[in-house]
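A.B. asks: Chains A and B are the protein sequences, given in the same order.
If you use the numbering used here, the first sequence closes out at 433, no skipped numbers anywhere.
If you use the numbering used here, the second sequence closes out at 470, no skipped numbers anywhere.
Since the hints were derived computationally from the structure, they do not count as laboratory data.
Do not take every clue at face value.
[Unchecked claim] Examples of chain B residues lying across from chain A (beta carbon under 10 Å, computed):
| # | residue |
| --- | --- |
| 1 | E104 |
| 2 | H108 |
| 3 | Y359 |
| 4 | R440 |
| 5 | L442 |
| 6 | G461 |
| 7 | Q465 |
Yeah, the Cβ is synthetic: ideal placement off N, Cα and C, and Gly gets one too.
The residues making up each chain are set out below.
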Amino acid sequence: MKTFITKKAHLFAGHSEAAFGLGLLAPAFVCVAVFAFYPILYSFYLSLQRIILSLPGRERFVLFENYRALLQDAAAREALANTLAFVAASTILEVAAGLGIALIINRHFRGRGLVRAAVLIPWALPTVVAAQMWRFIMNDNYGLANLIAFGADTGQYRAWLAEPMIAFVSLVAADVWKTSCFAALIILAGLQTIPDELYEAAAIDGATAWQRFSRITLPLLRPALLIALLFRTMDAFRIFDLVFVMTQGGPGGSTSVLQFYGYQKIFSEGLMGYGSAISVVVFCVTLAVSVLYIKMLPGAARRGI
Amino acid sequence: MALTARRTCWCSGQIRWRSFRLWCCIVAACMCTTCAPDVECPSCVLRFVTWKPGQPAVWDEIIALFEAEHPGMRVVREIGPHSSTAFHDMLTQKLKNKSSDTDIFFMDVIWPPEFAAAGWAEPLDRFFPEPDRNEFIQGALLANTWEGSLYGVPLFIDSGMFYYRADLLARYGLNPPVTWPEMVRQAHLIVAREARQGRHLFGFSGQFKQYEGLVCNMLEYILGNQGAIIDQQEGRPAIDSPAALAAVAFVRDEIIGRVAPRGVLTYEEPESLALFIQGRTVFHRNWPYAWEVANDPKRSRIAGSVGIAALPHFSGGTSCAALGGWQLGMSRYSRNKKAAWAFIRFLTSSRVQKLLALGAGLAPTRASLYDDADIIRKYPQFAAMRAVFLGAQPRPRSPLYPGLSHVLQRYFSRVLADPGADLRAEALSASAGIGKILQLAREE
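If we strip away everything but chain A, and leave its shape as in the complex, we get (with noise of 0.2 Å):
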């Protein structure tokens, strides 16, 4: 590799080896810079103005006007609310059904492959496709939760979305059922990692199961599990499909989610400042939580992102 780069390096003759490494570097900057820096910035930008598109020709520069508007609106704050208790509840249900599932498919047992293709249909699927099938489950006159809780007594079913609470918790088990399987995968990838000797000595010292896996597998699993934690965290603070098909953020609010209600605001309404500054406040609160969880993973693995 090396001879590979200073051969090359003499190509670009009477520039130095480091003008060289930034060459190389060049094509990806752009490509962050103009695909990622640039519409945050310009978001940012937006998030400063006054801009109301069914209103033209009254755009102006108003600061900070429209954080402090989102600071006093009771429905930014209600989504703001579900957003974070989605965020708990879903990232923490989906490690931990992932850690179980990968350790189970981390076992030899017959038919091991088909499992393992399997456990990633959910995944596979187009959120839309699999919102519109969790909407037709949860279904007050067809639906197959009614079908579970009641069996044939129609007299009985229930309208699941209709209730704020339930509707909430729906959306969450949704997005368990979708993507645990992701977490799964990555965890899996780190289970592989752990090499078989440490069980064996650890068998003959003679601990437990529990032991083996208390003391061994989790220790050792860390990094994967920050890194699956890290990876549904972000993915979670931006649900936006699942609301969009099952519920458009209903009944009375309580499913709607701050991505959502950016869109309401920009798409529907045309303010394209205050819509802005939802996104902005999306984007920072994701940073936040992602360099948070980045500390605390260890060096070897922090490099390896």
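Got chain A; can you put chain B on it based on the hints?
C.D. replies: Coordinates of chain B only, in the frame set by chain A:
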């Protein structure tokens, strides 16, 4: 003339091959000199943003008729989503981008002020002579007017309608209810008696999901109790007035989870209509199209036993229906405006509205069609419902309507879905939200 045709042709083309385009233009140039003198370019592709119609056959027939009468013009339909809100978001996205690939679009009755103020819809005054306008139902035209200009032509009217099971009412010797409390009493009576025969029914179904239709449904209760959402004279929100609060409380205490299943909190039009046409509810609130569906023996179990009436009201009030309906608008960024107008004029003409009325059950916007013998023969209720159509009440008119609607949807849904919610406090907070939006629209 030929030059104009050539220029328009170059821009309208979807066909990319240069030679083919050139060939097209030569043909177009020839045609321009021979036919359709009032249309600037007869060889245009008109792009029409529409939704998937309930009765597609009649639409195919109408488009084919237009193309036959305007040789060289082609109408390409782009099908948007069924939900009005989703359709709005898709369409405005195109218009925001100033995309010229839309010539004509459908507008829900609440959009013209927004589309006009944003500069997305072309003012139609120069195309649309005054005498022609007088043939339209004035309330429908008013909905298309913003700051003195006309931005759309209404194609059909929707208004809230009250449907009932004529067979069940006859069985128990009842007349269609005139007031909401009477409807509730009748519903409980019929449901209880039918249950004794082993037939399990609900009393009523309507649209109470958190979406635009919720605003229409609740508006009808509030207006029927002499309340209002916005006090038009004062320009102030009136959602927290005692009349409005009483109407909302009635829906919460007597309708949701009582005569109507709690599931209505998740229903839009199709789900609530499904319950009615399966014969599982006695009463139903919907738009005029439901008549056609409910009486179609292929789709409905209650075909032939459906009655229709004006919506009930509260004692002391009068029956009020929410005004709906769809308008045809022209994109300001269209490059084929004259041709687009030809299409709008054709679709809203008397004979096409008649086709739509007969083939799809859509209520016409030209007043004279309510006296048309063929239409009345097929839809006797149009004669009886004429007063309902003419008196249908608009939702608040504002370029910021989507924002108003979101505040209202959230308020209604909260107080209906959560019986523990503090009605007065929620109404005050909704009122403050509406006041803020009205203030924003007034500024400068």
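A.B. asks: If a hint holds in the structure, say so; if it doesn't, say that too.
C.D. replies: For each hint, the structure was consulted:
1. E104: violated (18 Å)
2. H108: violated (13 Å)
3. Y359: violated (14 Å)
4. R440: This hint holds: R440/B lies near chain A, its Cβ roughly 3 Å from the closest one there, short of 10 Å.
5. L442: holds (8 Å)
6. G461: violated (14 Å)
7. Q465: The hint is violated - Q465/B has no Cβ within 10 Å of chain A, the shortest such distance being about 12 Å.
In terms of the numbered hints stated before, the structure departs from hints 1, 2, 3, 6, 7, listed from lowest to highest.
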